[in-house]
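Novice: One letter stands for each residue in the lines below.
Protein chains: 2
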Amino acid sequence: MPPRRPVRSLLLAETIAIGSELLVGGRTDSNSLRIAEEFGRLGIGVRFKSIVGDDRQDIRTAVATAAGRVGVIVLTGGLGPTVDDCTREAISDATGRRLALRKDAFEALKTRLAEWGRVPNAGQRRQALIPDGATVIANPVGSAPGFWMKWKGALLISLPGVPWEMEAMLRDSVAPVLSSELTRARLRPSPITRLVFHTFGLPEAEVDAKIKGLVKPSMPVDLGLLASPTGVLVSLTTRPRPVLSGPRLQRLADGVRSRLRDQLYAEGLETMEEVVGRLLTAQHKTVAVAESCTGGLIGHRLTQVPGSSAYVDRGVVCYSNQAKTDLLGVPPALIEGHGAVSAEVAAAMARGMRERSGVSVALSVTGIAGPGGGTPTKPVGLVYLGLDAEGGPSATREYRFSGDRMVVKQRASQAALDLLRRWLLERAEPV
Amino acid sequence: MPPRRPVRSLLLAETIAIGSELLVGGRTDSNSLRIAEEFGRLGIGVRFKSIVGDDRQDIRTAVATAAGRVGVIVLTGGLGPTVDDCTREAISDATGRRLALRKDAFEALKTRLAEWGRVPNAGQRRQALIPDGATVIANPVGSAPGFWMKWKGALLISLPGVPWEMEAMLRDSVAPVLSSELTRARLRPSPITRLVFHTFGLPEAEVDAKIKGLVKPSMPVDLGLLASPTGVLVSLTTRPRPVLSGPRLQRLADGVRSRLRDQLYAEGLETMEEVVGRLLTAQHKTVAVAESCTGGLIGHRLTQVPGSSAYVDRGVVCYSNQAKTDLLGVPPALIEGHGAVSAEVAAAMARGMRERSGVSVALSVTGIAGPGGGTPTKPVGLVYLGLDAEGGPSATREYRFSGDRMVVKQRASQAALDLLRRWLLERAEPV
Numbered sequence: 001m002p003p004r005r006p007v008r009s010l011l012l013a014e015t016i017a018i019g020s021e022l023l024v025g026g027r028t029d030s031n032s033l034r035i036a037e038e039f040g041r042l043g044i045g046v047r048f049k050s051i052v053g054d055d056r057q058d059i060r061t062a063v064a065t066a067a068g069r070v071g072v073i074v075l076t077g078g079l080g081p082t083v084d085d086c087t088r089e090a091i092s093d094a095t096g097r098r099l100a101l102r103k104d105a106f107e108a109l110k111t112r113l114a115e116w117g118r119v120p121n122a123g124q125r126r127q128a129l130i131p132d133g134a135t136v137i138a139n140p141v142g143s144a145p146g147f148w149m150k151w152k153g154a155l156l157i158s159l160p161g162v163p164w165e166m167e168a169m170l171r172d173s174v175a176p177v178l179s180s181e182l183t184r185a186r187l188r189p190s191p192i193t194r195l196v197f198h199t200f201g202l203p204e205a206e207v208d209a210k211i212k213g214l215v216k217p218s219m220p221v222d223l224g225l226l227a228s229p230t231g232v233l234v235s236l237t238t239r240p241r242p243v244l245s246g247p248r249l250q251r252l253a254d255g256v257r258s259r260l261r262d263q264l265y266a267e268g269l270e271t272m273e274e275v276v277g278r279l280l281t282a283q284h285k286t287v288a289v290a291e292s293c294t295g296g297l298i299g300h301r302l303t304q305v306p307g308s309s310a311y312v313d314r315g316v317v318c319y320s321n322q323a324k325t326d327l328l329g330v331p332p333a334l335i336e337g338h339g340a341v342s343a344e345v346a347a348a349m350a351r352g353m354r355e356r357s358g359v360s361v362a363l364s365v366t367g368i369a370g371p372g373g374g375t376p377t378k379p380v381g382l383v384y385l386g387l388d389a390e391g392g393p394s395a396t397r398e399y400r401f402s403g404d405r406m407v408v409k410q411r412a413s414q415a416a417l418d419l420l421r422r423w424l425l426e427r428a429e430p431v
Numbered sequence: 001m002p003p004r005r006p007v008r009s010l011l012l013a014e015t016i017a018i019g020s021e022l023l024v025g026g027r028t029d030s031n032s033l034r035i036a037e038e039f040g041r042l043g044i045g046v047r048f049k050s051i052v053g054d055d056r057q058d059i060r061t062a063v064a065t066a067a068g069r070v071g072v073i074v075l076t077g078g079l080g081p082t083v084d085d086c087t088r089e090a091i092s093d094a095t096g097r098r099l100a101l102r103k104d105a106f107e108a109l110k111t112r113l114a115e116w117g118r119v120p121n122a123g124q125r126r127q128a129l130i131p132d133g134a135t136v137i138a139n140p141v142g143s144a145p146g147f148w149m150k151w152k153g154a155l156l157i158s159l160p161g162v163p164w165e166m167e168a169m170l171r172d173s174v175a176p177v178l179s180s181e182l183t184r185a186r187l188r189p190s191p192i193t194r195l196v197f198h199t200f201g202l203p204e205a206e207v208d209a210k211i212k213g214l215v216k217p218s219m220p221v222d223l224g225l226l227a228s229p230t231g232v233l234v235s236l237t238t239r240p241r242p243v244l245s246g247p248r249l250q251r252l253a254d255g256v257r258s259r260l261r262d263q264l265y266a267e268g269l270e271t272m273e274e275v276v277g278r279l280l281t282a283q284h285k286t287v288a289v290a291e292s293c294t295g296g297l298i299g300h301r302l303t304q305v306p307g308s309s310a311y312v313d314r315g316v317v318c319y320s321n322q323a324k325t326d327l328l329g330v331p332p333a334l335i336e337g338h339g340a341v342s343a344e345v346a347a348a349m350a351r352g353m354r355e356r357s358g359v360s361v362a363l364s365v366t367g368i369a370g371p372g373g374g375t376p377t378k379p380v381g382l383v384y385l386g387l388d389a390e391g392g393p394s395a396t397r398e399y400r401f402s403g404d405r406m407v408v409k410q411r412a413s414q415a416a417l418d419l420l421r422r423w424l425l426e427r428a429e430p431v
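So the sequences go chain by chain: A and B. The first sequence: position 266 = 266 (the UniProt record's numbering), numbered continuously. The second sequence: position 129 = 129 (the UniProt record's numbering), numbered continuously.
A hint or two may mislead.
Repeated chains share a single entry, so a pair holds when one copy, or any two copies, can fit it.
[As the list claims (entries may be wrong)] Derived lysine to aspartate or glutamate pairs resembling EDC-like cross-links, with alpha carbons at most 20 Å apart:
#, residue 1, residue 2
1, Lys210, Asp262
2, Lys285, Glu355
3, Lys212, Asp84
4, Lys110, Glu206
5, Lys212, Glu21
6, Lys285, Glu426
7, Lys216, Glu344
8, Lys110, Asp208
9, Lys212, Asp55
10, Lys378, Glu336
11, Lys378, Glu390
12, Lys216, Glu206
The hints are simulated quantities; they were obtained by calculation from the structure and are not laboratory data.
Work the whole structure out from these sequences, hints included.
Specialist: Structure (structure tokens):
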């Protein structure tokens, strides 16, 4: 048998997501994606992901399996106060470390519950049970503490499954622990760099054709394409070794940018609504939205951005024809003549919205999201967009989207925000 | 060592999803949820799910691990024509079965490509390489064939990762094979039934306390609890054996219902917006929504439901104070006196919305979604709801939500729809 090489394996990680709803409940594990991203920055590669139910024996099996193949194991979930939460017990079974009530964890738990005007019950008290020799990881946003320990040369980390709790603890506590363990082991892995480019307006095959040949097979970088209702994503992911130099990766990134041109709307984690918000802020412009078939989705997306109250003035959802007339002054005769789903009505909605609100630019959407309501001449998926700006020409666009009701709404909202983005770019000061 | 019992383990399954984009690429594995659903109908429980990259050694490790703990192994992905597709080779490595070109599979592949006007290249020819002793699974909608084999008392099944190809092969070929293998092993498992109950308004610990003791440890059913921003979900999942009779399961379900009372807003796949839509439709009522901090999310959710145009009249997103006055007639003095985030303004928004639109009932939301904008007396997460109905008393509610901007918006939208649901229930005809 070859000797153990625990130091090497600190660069290999496995996530174990716990929860029966992840096995059969229609819910997917997204925590592991965030963990892989954060670990990539440290140069640690997530090689395996496992999902098990709330079953003490199965969790124990998963932990033992992971310990045989990686050096960093991260469990998420199963730390709650209810009877089916048994990650603590399963880790104790797997590692042989006994559980005991940890005073500092219990005090923190009591303090947190007191903020919510409550005292711990028996189940919540269980949340302060921590295996011998483990270090408590404070939960800055919820009640369940996490913990980490060294075991058989591996680092075993247990975090809650609630995404925002998991994420805060990953960033605040887990990343620093891993950094210092890597340093202690004299490992200086190069970060796994993943560059992401978001495009809108081209089908996947056309994006593929545009970037074909850019990445040679000999280069230590993986090119990825991923289609979704909001566009096609292009990614460049470096491998931990051989190392691709920063300048060479930047040349590749520039190649992607120049081939995708203005179809590229964002990079990295930036979203379309953040891009639009940044452009509106820089140009000191305000926006208002008149939505029919998107039903409020564009307003919702614009206001997901912190600070959006500085440029989002208002929105209206005018589902009924009466609302289009009442709220936006669209003439009933125009609706009768062209139909509520028409370029003419989209233009009138945007104009009415801008004139009544006094904003710099107004967007409008009217369409047929389906599944009902389509006709041979106006099928499901037909969407008209309008844009009306102070002192500028107005614009309308026609789209025919495929997909179910939710997908049509998503595509229509993305197209509307992209129309606004392009309008703002044309007006941007040259840099 | 106890004797192997391969027959028993046919009731335990593991899925292995293959693809590097599932490790780091921001994409989650949804194939395994479909497999768990289909297997549940057959009485086979998916106990473990694994995800590995396009790495021959890692896939081999995952297959060997699965063979040690379950009787049915389903791999998805890695059967494509490109160099990174190596599931065939990894299965051959793990099982010791040699790969050889299978004539019937190659003919089917050529026929499929010919339909698309193409001939197989070297990579596509590799798709017809099948391990010795495996049975080919025809792909009715794509080019990559799958295969299944018996190995060490387990069934090993390999399917493409493209969801609609995987799904067709699962339904047309895999389910019949499993049925006949279960019959041959004289196993008649009962289907796994999963009942889901959605609650809103109670923290997880309180829901847990309410249903405590209902499911005795001796009963062959698993009780699950799951908290999310939109509430706590309770589930009852039967085990393949011993069989819980239908009437006994129904008695348990009735027990959950009577303990959760009106905190239970929906069962199964139904959503809050569908429940509200159903009640509005039955009572021939219309609704309008005045949103500030939720930014259009309530309108978006209400209009996700097909046919919602029958009862959703309109919405306004009044982010600025000016918009609250313009669109809803909220007096500027009221905003100055109490602040935009106050019960008084919430009430005035709902009243203005209903009076101007003429709907049966209007909802309003005003709050501080964060992360900025909070003060000591009005912290981030403070939300006021208003409801105003024709001829009825109006209502306001105060909430203090925790979580980030997105979570506060989700919780506020759920609370607003729940307020509407409760109002509609009070007015429902007794059944």
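Novice: Indicate, hint by hint, whether the structure satisfies it.
Specialist: Structure-based check of each hint:
When the C-alpha separation of lysine 210 and aspartate 262 is checked against a cutoff of 20 Å, the pair qualifies only within one copy, where the shortest distance is 13 Å, while the shortest distance between copies is 56 Å. Taking the shortest Cα distances, lysine 285 and glutamate 355 sit within 20 Å of each other inside one copy (15 Å), while across copies they are farther apart (32 Å). Taking CA atoms no more than 20 Å apart as the test, lysine 212 paired with aspartate 84 passes between copies only; the shortest distance there is 11 Å, against 50 Å inside one copy. Taking identical chains as interchangeable, the C-alpha atoms of lysine 110 and glutamate 206 lie at most 20 Å apart only when they sit on different chains, with a minimum of 16 Å there against 57 Å within one chain.
For a Cα distance limit of 20 Å, the shortest separation of lysine 212 from glutamate 21 across copies, 19 Å, qualifies, whereas the shortest one inside one copy, 40 Å, does not. With identical chains, the CA atoms of lysine 285 and glutamate 426 are at most 20 Å apart within one copy only, with a shortest distance of 14 Å there and 46 Å across copies. Taking the closest pair of Cα atoms, lysine 216 and glutamate 344 never come within 20 Å of each other, the shortest separation being 49 Å inside a single copy and 64 Å across copies. With identical chains, the CA atoms of lysine 110 and aspartate 208 are at most 20 Å apart between copies only, with a shortest distance of 19 Å across copies and 55 Å within one.
In the homo-oligomer, the alpha carbons of lysine 212 and aspartate 55 lie at most 20 Å apart only across protomers (18 Å), although the nearest pairing inside one protomer, at 46 Å, exceeds that limit. Taking CA atoms no more than 20 Å apart as the test, lysine 378 paired with glutamate 336 passes inside one copy only; the shortest distance there is 15 Å, against 47 Å between copies. Neither within a single protomer nor between protomers do lysine 378 and glutamate 390 lie at most 20 Å apart by alpha-carbon distance, with minima of 31 Å and 36 Å respectively. For the homomeric pair lysine 216 and glutamate 206, the shortest alpha-carbon distance inside one copy (19 Å) is at most 20 Å, but the shortest distance between copies (58 Å) is not.
Of the hints listed earlier, those the structure fails to meet are numbers 7, 11, in rising order.
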